[in-house]
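All chains, full assembly: derive it from the sequences and hints.
Protein chains: 2
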Amino acid sequence: MINKLIEKIRKTNAPIVVGLDPMLDYVPGHILDAAVRGLGETLEAAGEAVWEYNKGIIDAVYDLIPAVKPQIAMYEQFGIPGLVAFQKTVDYCQEKGLVVIGDVKRGDIGSTSAAYANGHLGSVQIGGRKCSAFHEDFITVNPYLGTDGVKPFVDVCREEKKGIFVLVKTSNPSSGEFQDQRVDGKPLYEIVGEHVARWGEECMGDSYSYVGAVVGATYPEMGKVLREIMPKTFILVPGYGAQGGTAADLKPYFNEDGLGAIVNSSRGIICAYKQEKYAKFGAGNYADAARQAVIDMREDIAGALG
Amino acid sequence: MINKLIEKIRKTNAPIVVGLDPMLDYVPGHILDAAVRGLGETLEAAGEAVWEYNKGIIDAVYDLIPAVKPQIAMYEQFGIPGLVAFQKTVDYCQEKGLVVIGDVKRGDIGSTSAAYANGHLGSVQIGGRKCSAFHEDFITVNPYLGTDGVKPFVDVCREEKKGIFVLVKTSNPSSGEFQDQRVDGKPLYEIVGEHVARWGEECMGDSYSYVGAVVGATYPEMGKVLREIMPKTFILVPGYGAQGGTAADLKPYFNEDGLGAIVNSSRGIICAYKQEKYAKFGAGNYADAARQAVIDMREDIAGALG
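In the order they appear, the protein sequences are chains G and R.
Quick note on the numbering used here: the first sequence kicks off at 1 and runs consecutively.
Quick note on the numbering used here: the second sequence kicks off at 1 and runs consecutively.
Hints are computed from structural coordinates only; laboratory data are not their basis.
Being a predicted model, the structure only gives us computed values, none of them experimental.
Using N, Cα and C, we set each Cβ at its ideal position, and we do this for glycine too.
Some clues are possibly wrong.
Derived coverage of chain G by chain R (criterion: at least 3 residues anywhere in the stretch with Cβ under 8 angstroms from a Cβ of chain R; other residues may be distant) [what the hints assert, rightly or not]:
1) 43-52
2) 68-78
3) 112-124
4) 137-145
With a straight-line Cα cutoff of 25 angstroms, these simulated BS3-like cross-link-like pairs (lysine-lysine) come out [said to hold, decoys possible]:
5) R:Lys-11 with R:Lys-161
6) R:Lys-186 with G:Lys-186
7) R:Lys-88 with G:Lys-88
As structure tokens, then:
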């Protein structure tokens with residue numbers, strides 16, 4: 001799957017992932033109203049609205065980008081109907097040929113991580129049959145529990161040719177509280193990065209590992225160091241746009257082959273129609289606004305990478 | 001909810017939580033076969049089997065214990081039908097008066113943690129209506145992203161009088177890889193523990209905070225130190241039984257008031273019928289075996305606490 005991701009990045013010339021993180025107040029009124037008319041003010045209506053909203057965006061941008069990253073929390077908040085919308089979104093994106101990165105940030109003790117790995121990347125055995133549940137192509141993983149909490153994901157990646165991105169240095173303001181703590185002069189995120197590089201050696205694609213890392217665009221100095229520590233690791237970079245990271249900040253995340261990183265934007269794309277810059281599209285054409293925002297992001301990044 | 005938990009611990013005289021972590025090979029053959037006969041070898045059959053299995057256990061033990069802890073990964077691996085079984089389990093346990101600790105280990109950047117907090121502990125606004133999704137009483141939270149990833153959970157706890165248990169020192173063998181790293185001579189788990197105590201001050205019940213901690217039974221020396229660092233923090237203690245923690249290891253987790261900790265057992269209870277000690281019950285009476293295992297665990301812990 002890392003090979004497919006890289007091939008698609010090359011083909012689209014866009015190291016971009018669109019974050020499908022639908023807050024209900026991002027959804028244009030006409031979509032939400034239609035869902036509520038049919039289903040009442042219910043979780044079912046929220047799930048339906050989110051799915052319709054996503055579908056519009058996917059149809060408008062799928063030919064421009066290699067991958068999407070649905071954030072499962074935004075679906076899970078609506079309970080079962082929300083997770084049905086998540087599942088439909090994953091399925092639909094895969095039908096459209098997109099690589100799907102489930103932003104689930106799971107991680108637990110070994111046997112429990114194995115259940116998450118099976119549910120999101122692999123399959124479960126039911127009687128004589130293998131059944132797969134959410135079947136994303138990649139997921140994000142939290143490393144706080146150490147190797148035996150991450151290993152089950154790596155094992156499933158190796159079997160299924162799927163991938164993970166392990167949280168190393170996150171984009172949020174207080175990420176440093178624990179991640180930057182210095183251990184013998186070295187920040188913890190570097191130690192985690194060293195582990196990610198090691199875990200990844202067991203699971204190599206053609207040029208990069210199936211085990212990637214998450215490093216926020218909001219910390220480019222740290223990105224530079226982590227790029228060196230993890231030369232074969234693909235980096236998923238959140239924090240561009242709405243969170244404050246700029247295109248100029250992105251260069252250190254890439255290798256000299258022009259690869260090695262994929263940059264996420266969520267709000268900046270899916271909610272573009274609410275920005276002044278794209279206001280002319282209006283809520284009715286929110287998907288066209290998203291398409292234009294993807295084109296602009298592609299140019300912005302290409303310009304900065306030179 | 002922390003007051004309710006403490007009241008129920010006092011009433012049952014059992015600082016015990018039963019982990020409802022149903023692996024499919026724990027489910028007795030007659031239950032799984034019936035589900036597969038009706039629904040085929042499908043995720044739906046797995047969900048149905050897990051729910052029937054849980055229901056039997058809950059009916060057999062609910063009067064003996066204050067709380068249950070369903071591990072959501074064991075349901076999520078079966079996709080939507082698995083999560084329907086999770087939801088039914090939460091609802092049924094609450095009907096039986098049990099406190100439900102959703103072992104979800106969520107944690108993300110602020111806005112995303114807020115979505116998880118709303119989905120698991122609070123509610124979401126849909127039009128003019130507040131709808132709640134999974135509505136556990138407590139959930140577990142991963143602190144790797146720092147204060148702004150934990151704060152949204154604390155905020156919802158304060159509003160809804162619900163609670164969280166933040167991972168501080170987990171029970172698994174490699175938990176020390178990152179959690180034990182020394183920062184100026186002090187292990188990271190102590191620094192996390194200090195934060196948990198501070199977060200908890202904002203959110204106090206009568207004698208303990210709504211913000212608890214997870215500290216594994218497998219590390220009693222560390223449990224002792226953490227008990228001192230977090231005097232008003234209730235500690236959820238996994239790792240007793242199948243993972244190797246013994247009753248003698250548990251004393252340091254409790255305060256002098258005899259409170260302050262609740263000990264989880266999963267496999268040791270729900271899969272008791274597969275142990276030699278309880279084999280006489282047989283798979284048909286797996287729920288009675290679970291009841292006997294709870295009674296034995298209660299005595300074991302009472303004996304060790306003196």
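If you draw a straight line from the CA of Lys-11 (chain R) to the CA of Lys-161 (chain R), is it 25 angstroms or shorter?
-> 21 angstroms, holds
Annotated coverage of the segment 68-78 of chain G by chain R, confirmed only when three residues or more have a Cβ within 8 angstroms = Coverage by chain R holds here, the residue count being 6 at a Cβ distance below 8 angstroms.
Counting residues of the segment 43-52 of chain G that have a beta-carbon nearer than 8 angstroms to any beta-carbon of chain R, does the count reach 3?
-> The restraint on the segment 43-52 of chain G holds, since 3 of its residues have a Cβ under 8 angstroms from chain R and three suffice.
Coverage criterion applied to the segment 137-145 of chain G (partner chain R; beta-carbon cut 8 angstroms; 3 residues) = holds (count 4)
With a cut-off of 25 angstroms on the C-alpha distance, tell me whether Lys-186 (chain R) and Lys-186 (chain G) pass.
-> 15 angstroms, holds
Would you say the segment 112-124 of chain G counts as covered by chain R, given the rule of at least 3 residues with C-beta under 8 angstroms?
-> holds (count 8)
Satisfaction of hint between Lys-88 (chain G) and Lys-88 (chain R), Cα-Cα up to 25 angstroms = Since the Cα atoms of Lys-88 (chain R) and Lys-88 (chain G) sit roughly 22 angstroms apart, the hinted pair holds (cutoff 25 angstroms).
No hint from the list above goes unmet by this structure.
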